[in-house]
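Read top to bottom, the protein sequences are chains A and B.
Residue numbers for the first sequence, in the working numbering: 448 to 611.
Residue numbers for the second sequence, in the working numbering: 448 to 611.
Derived from the structure by calculation, the hints contain no laboratory data.
You can take every hint at face value.
A pair counts as met if it fits within one copy or between any two copies, since identical chains are not told apart.
EDC-like mimics (lysine to aspartate or glutamate), calculated; alpha carbons at most 16 Å apart, straight line: (1) Lys487 <-> Asp536; (2) Lys477 <-> Asp595; (3) Lys517 <-> Glu529; (4) Lys487 <-> Asp540; (5) Lys487 <-> Glu537; (6) Lys598 <-> Glu516; (7) Lys598 <-> Glu515; (8) Lys554 <-> Glu457; (9) Lys582 <-> Asp540.
Computed from a predicted model, the values in this text were never measured in an experiment.
Number of protein chains: 2
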Amino acid sequence: MQAKPIMKVEFINPFLTSLMNVLETMAMTKLQPGKPSIKKDTTARGDVSGLIGMAGPQTKGSLSVTFEEKLALSIMERMLGERPDSLNDEVTDMVGEITNMVTGGAKNILGDNGYDFDMATPMIVSGKNHTINHKCEGSTLVIPFTSDNGKAFIEVSFDILSDE
Amino acid sequence: MQAKPIMKVEFINPFLTSLMNVLETMAMTKLQPGKPSIKKDTTARGDVSGLIGMAGPQTKGSLSVTFEEKLALSIMERMLGERPDSLNDEVTDMVGEITNMVTGGAKNILGDNGYDFDMATPMIVSGKNHTINHKCEGSTLVIPFTSDNGKAFIEVSFDILSDE
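Isolated chain A (complex conformation) (with noise of 0.2 Å):
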């Protein structure tokens, strides 16, 4: 078989869908979203990001959300009710439950779809200003977001394997 990865813009709104869910549901927290583009270079800057690893015999790819500070201490706040000083470990759970979420959400609706692929298990990168690039064979498409909270972004780099 010979690999001929594409990557279509659709395959990323069960991703933008389930995080403004997730969020909505979870810490009353509305974001808008902005317009998708393919990433040309390292723009999206945060704070606090949740990457995970997508794969599957015939799909692979990569996920991360990525937070600013101060919208990542506001979600927990209102998750919680008290607002955390830092980047602590709190903070850290509450990045990777919600890329598990939003991760779990779109696999399900890209499953109905055909496109099968198993979850690793997240990571989330802290550092002031950290940028992701995400090495796959098609595109990565951004989108940002924007809250009265401050920004977050998704990027979402999915390959479809294919034989034609």
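Since the structure of chain A is already known, use the hints to place chain B on it.
Only chain B this time, still in chain A's reference frame:
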């Protein structure tokens, strides 16, 4: 099936030997492994990291390989004969490639032992002094490495879901 994640210390060895082989072969860089330990906090700070997810029906996990900036630059210099000024795209490409090779090497060994998984696509994080948290059910193992050009770390979280 009741998932019961376990992590055995011997699962980290294939990643360790694979990283040492890759760097010695590709970049004439000898790493001295330190003592593996179970990660209790996020002490492994670095400047550039390659992260990858591993996922299969019975196995899931994540790997990160973290380099100090000066070590990453020196690896590039030894591979290409020229030292980049900063952690540019060439360096992140190289870190992604190393991450793929290390995981591919470990996958072969672990597959021979009955632990099959698919590899996701790698992600590369750049940012001064960032830390990584692997969110798995079991433990995360860390191996520190020293070299004549700086430090590196491998962190592996590798859960075997057993139905015992």
